[in-house]
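> The primary structure of each chain is shown beneath.
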Amino acid sequence: MKEKNEAGFHYLYDHYSGALYGVIFRIVQSKEYTEEVIQDVFVKIWNSILQYDSTKGRFYTWMINIARNTAIDYLKSKGFQNELKNQPLPDFVYNSAELSTTNKSSDFIGFKDVLGGLETDKLELIDLAYYQGYTQNEISEKLKIPLGTVKTKMRNALIKLKDLLKDYQ
Amino acid sequence: MNTKEYISSGILESYILGFASQEEAGILECVMKNNAEVKAAFEEAQKTLEDLATAQAVTPPNDLKSKIWNKIQQEQIVEEVKPVISEVKQDLKVQGEIKEINTQKNNNWKSYAVAASVLFLVSVAGNLFWMNTQSKNKEVIAKLETEKQSKDLAYQKMQQKWQMLSGADMQMVVLKGVEKHADSKAMVFWDKKSKEVYLNADSLPKAPEGMQYQLWAIADGKPVSAGMYTEEKDSKIALSNIENAQAFAITLEKKGGSATPTMENMYVMGGV
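One line per chain: the protein sequences are A and B, in this order.
With our numbering applied, the first sequence covers 1015 to 1183.
With our numbering applied, the second sequence covers 1132 to 1403.
These aren't lab readings, by the way, just hints derived from the structure by calculation.
Honestly, I wouldn't trust all of these hints.
[Said to hold, decoys possible] With a cut-off of at most 27 Å between alpha-carbon atoms, the simulated DSSO-like pairs for lysine-lysine come out as follows:
1. A:Lys1070 <-> A:Lys1058
2. A:Lys1176 <-> A:Lys1070
3. A:Lys1176 <-> B:Lys1164
4. B:Lys1385 <-> A:Lys1070
5. B:Lys1311 <-> A:Lys1070
6. A:Lys1180 <-> B:Lys1170
[Stated by the list, open to error] Computed footprint of chain B on chain A, listed as stretches where at least three residues anywhere in the stretch have a Cβ under 8 Å from a Cβ of chain B:
7. 1049-1060
8. 1063-1069
Ideal placement from N, C-alpha and C gives every residue a C-beta, glycine not left out.
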């Protein structure tokens, strides 16, 4: 893959495009935006693959973070961020059986959600930090809990999520 | 803070989600190199989010793959074409000049004159070039000489350090500059028997008036003061005795030191 040939690209795409598409989709919440963002994400991954540093984390995680950051930046650049922040959490976050948002419901149909098994406070935390790009300070302010608590709660949320994922697979 | 408390503080998740400050990240990266438990917890937290992404995967549209591959190839072509274009431009220029000379062929003496003056110009240019290289060579030689002198000095210093190191139980820890002070470096010498910690930090910038460099030992994620640095102590006098550390770091503190490190004033750090 580091040699940047076409076979490397096929491997990368075949293994990770679905997951990255899913991550981006969750953030930008529309097929149209997702297609735009995922192209940038793959180009970025391709161009910076030599800068990937395995001591700082796993390769898959590295790619997920590129996808998350690109998608969140995309929303910010489109001026969606404030709009999103002032809205209540989208329905799909709370709906375990099927995702449905008012305006883009068709995009989400049939989208089963493992996150639905989380308690509301844990779900909200993951949604804010992971999908909406809130910093931990912003979360602390928004939810009116101390920064240290945000961090430990985030850890607890991920531990719970790990259990859920075990059953899910 | 012990290892378990450090892990459950949520620092791993902060780091993975990109929230950790540069200092927190530096400490974590150091601790991970030395603490298998922290490293394992880090891998696990990453895996959870990876599994989440896998569980939530959505099959992209069929034509997306070729769209992306085309985009990647286009970018590569653009990069390769740039230097070629500038070469082509130069070729065109040269051809243009040749054409100008050719058009004057009907006037023979003129073309000879042109040829002669071109030759003359070439020769002048050649001489200038040669003279230029000569003086450049001289500069290079002078530069090499001063370089050699400073290298000799550095070599002497190295030998001094070497002597200090000859104690069999001495462990060396290289401290590298953090992002803000990427050029800084220092070295900790840790006597594993007597637990004494020496510091070589004469390459750090001189501490401003009223300030002093403080050495920290990081054990299980928690920084413990490992003594105050002065130039007189450099590589000679122990700063403190440290039983246990996975990493060392240096911060700039008020004279006499602080109880906890001022993270934004961190200069260097390194894992044991």
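> Does each hint hold? Answer for all of them.
We went through each hint and held it up to the structure:
no.	hint	in the structure
1	A:Lys1070 <-> A:Lys1058	holds (18 Å)
2	A:Lys1176 <-> A:Lys1070	holds (21 Å)
3	A:Lys1176 <-> B:Lys1164	holds (25 Å)
4	B:Lys1385 <-> A:Lys1070	violated (33 Å)
5	B:Lys1311 <-> A:Lys1070	holds (19 Å)
6	A:Lys1180 <-> B:Lys1170	holds (21 Å)
7	1049-1060	holds (count 6)
8	1063-1069	violated (count 1)
In this structure, the earlier hints numbered 4 and 8 are contradicted, and the remaining ones agree with it.
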